[in-house]
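One line per chain: the protein sequences are P and U, in this order. In the numbering used here, each residue carries its 1-based index in the first sequence increased by 1384. In the numbering used here, each residue carries its 1-based index in the second sequence increased by 1.
Derived by calculation from the structure, the hints in this document are not laboratory data. Note that the Cβ used here is the ideal one computed from N, Cα and C, for glycine as well. Warning: the hint list may mix true and false statements.
To be verified - Ranges of calculated distance between the beta carbons of each label pair, as one might list FRET restraints: (1) P:1456 with U:344: 37 to 45 Å; (2) P:1480 with U:188: 47 to 55 Å; (3) U:312 with P:1420: 40 to 48 Å; (4) U:135 with P:1428: 52 to 60 Å; (5) U:289 with P:1442: 29 to 37 Å; (6) U:129 with P:1472: 36 to 44 Å; (7) U:397 with P:1482: 53 to 61 Å; (8) P:1428 with U:409: 49 to 57 Å; (9) U:184 with P:1479: 34 to 42 Å.
Unchecked claim - Some chain P residues judged to face chain U by a derived CB distance under 10 Å, without partners named: (10) 1420; (11) 1493; (12) 1494; (13) 1498; (14) 1502; (15) 1504; (16) 1553; (17) 1576.
To be verified - The calculated DSS-like cross-link candidates involving lysine-lysine, where the alpha carbons are at most 30 Å apart (straight line), are: (18) U:403 with P:1467; (19) U:129 with U:321; (20) U:129 with P:1467.
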Amino acid sequence: MATGLLGIENFPRPDIEQLLERARNFQPKESGSYPRLTSCAGKMIVNLFFENSTRTRSSFEIAARRLGAEMLSITASGSSVTKGESLVDTLNTLVAMRPQAIVMRHGASGAPHFLARHLTTPIVNAGDGTHEHPTQALLDARTILDNKGALEGLRVAIIGDIAHSRVARSNIFLLSKFGVDIVLCGPPSLVPRELARIAPGVRLEHDIRKAILGADVIMMLRVQLERIHEPTMDASEYFQFYGLRLEHLSLAKPDVIVLHPGPINRGREISSEVADSQRSMILNQVENGIAVRMAVLERVLLQ
Amino acid sequence: MRLVIRNGRVICPSSGFDNVADVLIEDGVIAAVGQNLSISGAETLDATGLVVAPGFIDIHVHLREPGFEHAETIESGSRAAAAGGFTTICCMPNTMPVNDSATVTSYIIERARRHAIVNVFPIGAITKGSKGEELAAISSMAAAGAVAISDDGRPVMNSRVMRRAMETASEVEIPVIDHCEDLHLSGDGDMHEGLDSVRLGLSGIPSAAEDVMVARDILLAELTGARYHVAHISTRHAVSMVAFAKQRGLPVTAEATPHHIALHTGLMPAYDSNYKMKPPLRSDLDLDAVVNGLVNGAIDCIATDHAPHAGDDKMQEFEKCPFGIIGLETALGTALEVLVHTGKLSLTRLIALFTSEPARVIGWKGEQARGALRLGFVGDATLLDPQRAWVYDVNKSLSKSKNSPFHQHTFQGGPVATIVGGQVVWRRDGF
């Protein structure tokens, strides 16, 4: 079966290291220019988004373009899915156009895994439900490496709606493979106890101040209201107990960096002062997103 | 019409009979059991080397007719049942329309009389449309032939409604079977809540969703005097509570499915909808508790919860797929593997779990008495080979649906022939 990238959980550490190293070549130069390649010329990628997305979709598009590959972007609202076609039928139709890879975002956990059992075209998971978002974890790791040099021995606090976060899962799986000390923090209903056993090196903390104590990296997550169908904390209480504010940063390491996968909700999970501070790497993440996606697409297309 | 089954090892758990013997079925009833019966003019079935058991009974199947005939019909479901060694099946009322009236009950019985190759007994709904609000026509359905009531799949959340249903069922002497699930707790859950659901990013169904309903129902059974039966028990606490109710002398019974004793979440391939059912596959600890419940008598019988879904319905994103798997053809093989070949249960006790015990749960009497090879009981028998290896190919299933986690599994032992009312309705290829 063709090798795509479905998730980080079962993706070996050496492969991760290879991708992260390769991505360095695709980062913008000092001059601000960025590399353009032709290695993937003549290759076609279908970029299939069943959920709304701005940054991930455009990031993949730019990555494909810089590799010289063609990319056909399809969003669910404009596709036959809204006409009642099943996911398998939609994919079979696209596969008949013979793309070399499919990049896919879907609202259902496991949707790309399910399809991978029935299709031979490699699938790159661009986020499946509340499961994984592997390229986000790679770009976060690239961003951490740019600032810290190595992952081993770091302490990373991930704060917010872990239960519904595919970003958190992929990051936990990745960081755990590198022996990172991972602290998860959020309201009990959004941080199920089982998370403590999801990977080695993970512990739970319900007090944000304890969670970020001595942290090298703080990853903030958005509360995914669209996935929560039950009563939860109101916004002001959430910000009071789990929002990251400037005064918190002094508890972390002096050179702490703050990451957020976006879109950010200012005043809900992160204060504007933090989001716009020197510690915030939010825009670097976006830049690295293109670089790691180039590395991923190149690997899939040229395997 | 006479059929004599010769020279098999006849095991009748209810009478304690276990010997190489002949069984004579005459005019649809068991007419004689003994060694070297001298009978002339009867059709003969040579059961040398095989076990002859009372006809197997499955008190929990979904036949999908009326309303969902693309997934299963009374005829196809009955054929799958026969291929699993079952001679009697009880079908749940979640059809379209729901079996909540004597009219639908009679329709099913009539369709079964014409098209089914095994005995089919309908289970009526507890509430109208299984909506949990108003009581269904329980007394009329019982008079028309419904052998129990249940809102399987859509449990009655209103405890007061459940109480009234139990009072009525008690009056007409049929058991109340509950699919125990607090719908608020299970929510939009797709699998057992635990490490695996968190890891896979799927919403969980906590064990407590089952536990709180079992607790409630046991209390209501005590209040009303109803015979109460827990469908497809799956959690360790539920098993403990049923054992506790039995200790207190309450008429509380329970069934376990083959899949809940063979599989737990840890054995589920990621996002494989053939492992998606309600209640969900639980943890290995729960599995052990259910197996132990069958061993120590807390759980009374095995029932399949055979739940056919057409291929298209299962070929979707995991969270969109309907709950349920088929199970009639693999039930005996699974039970032998988990319970008998491991030395946990004797073959005789296992047969009881498929025959005399489910018969006791429902309470068939008089001409309908079944589940034993006793004189005058219905002339149903199941021939089985407890050792012979075979591979299950779901694509050859007699069910119209193919949703099984046991495809390509090698079983040790299974049914060889199925006899209903003295007629061989199914036999294994080559027998």
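- Task: For the range 49 to 57 Å, tell me whether the beta carbons of residue 1428 (chain P) and residue 409 (chain U) fit it or not.
- Result: violated, 36 Å
- Item | Distance restraint between residue 129 (chain U) and residue 321 (chain U), which requires alpha-carbon spacing of 30 Å or less | holds, 26 Å
- Determine whether the Cβ-Cβ distance between residue 1480 (chain P) and residue 188 (chain U) falls within the hinted range of 47 to 55 Å. For residue 1480 (chain P) and residue 188 (chain U) the Cβ distance comes to about 38 Å; the hint is violated.
- Please test the hint of 34 to 42 Å on the beta carbon pair from residue 184 (chain U) and residue 1479 (chain P). Distance hint for residue 184 (chain U), residue 1479 (chain P) holds at roughly 39 Å.
- Item | residue 397 (chain U) versus residue 1482 (chain P) beta-carbon gap, inside 53 to 61 Å or not | violated, 35 Å
- Against chain U, with CB atoms and a cut of 10 Å, does the hint on residue 1502 (chain P) hold up? holds, 8 Å
- Item | Outcome for the supplied range 36 to 44 Å, where the beta carbon pair is residue 129 (chain U) and residue 1472 (chain P) | holds, 37 Å
- Message: Restraint: residue 1576 (chain P) near chain U, CB-CB cut 10 Å. Satisfied or not?
- Response: Check passed: Cβ of residue 1576 (chain P) comes within 5 Å of chain U, closer than 10 Å.
- Item | residue 344 (chain U) and residue 1456 (chain P) - C-beta distance against the hinted 37 to 45 Å | violated, 60 Å
- Holds or violated: residue 1494 (chain P) as interface residue toward chain U, Cβ cutoff 10 Å? holds, 3 Å
- How about residue 1420 (chain P): closest beta carbon in chain U under 10 Å, or not? violated, 36 Å
- Is it true that the C-beta distance of residue 135 (chain U) to residue 1428 (chain P) lies inside 52 to 60 Å, as the hint says? Given about 59 Å between the Cβ atoms, the range holds.
In this structure, the earlier hints numbered 1, 2, 5, 7, 8, 10, 15 and 20 are contradicted, and the remaining ones agree with it.
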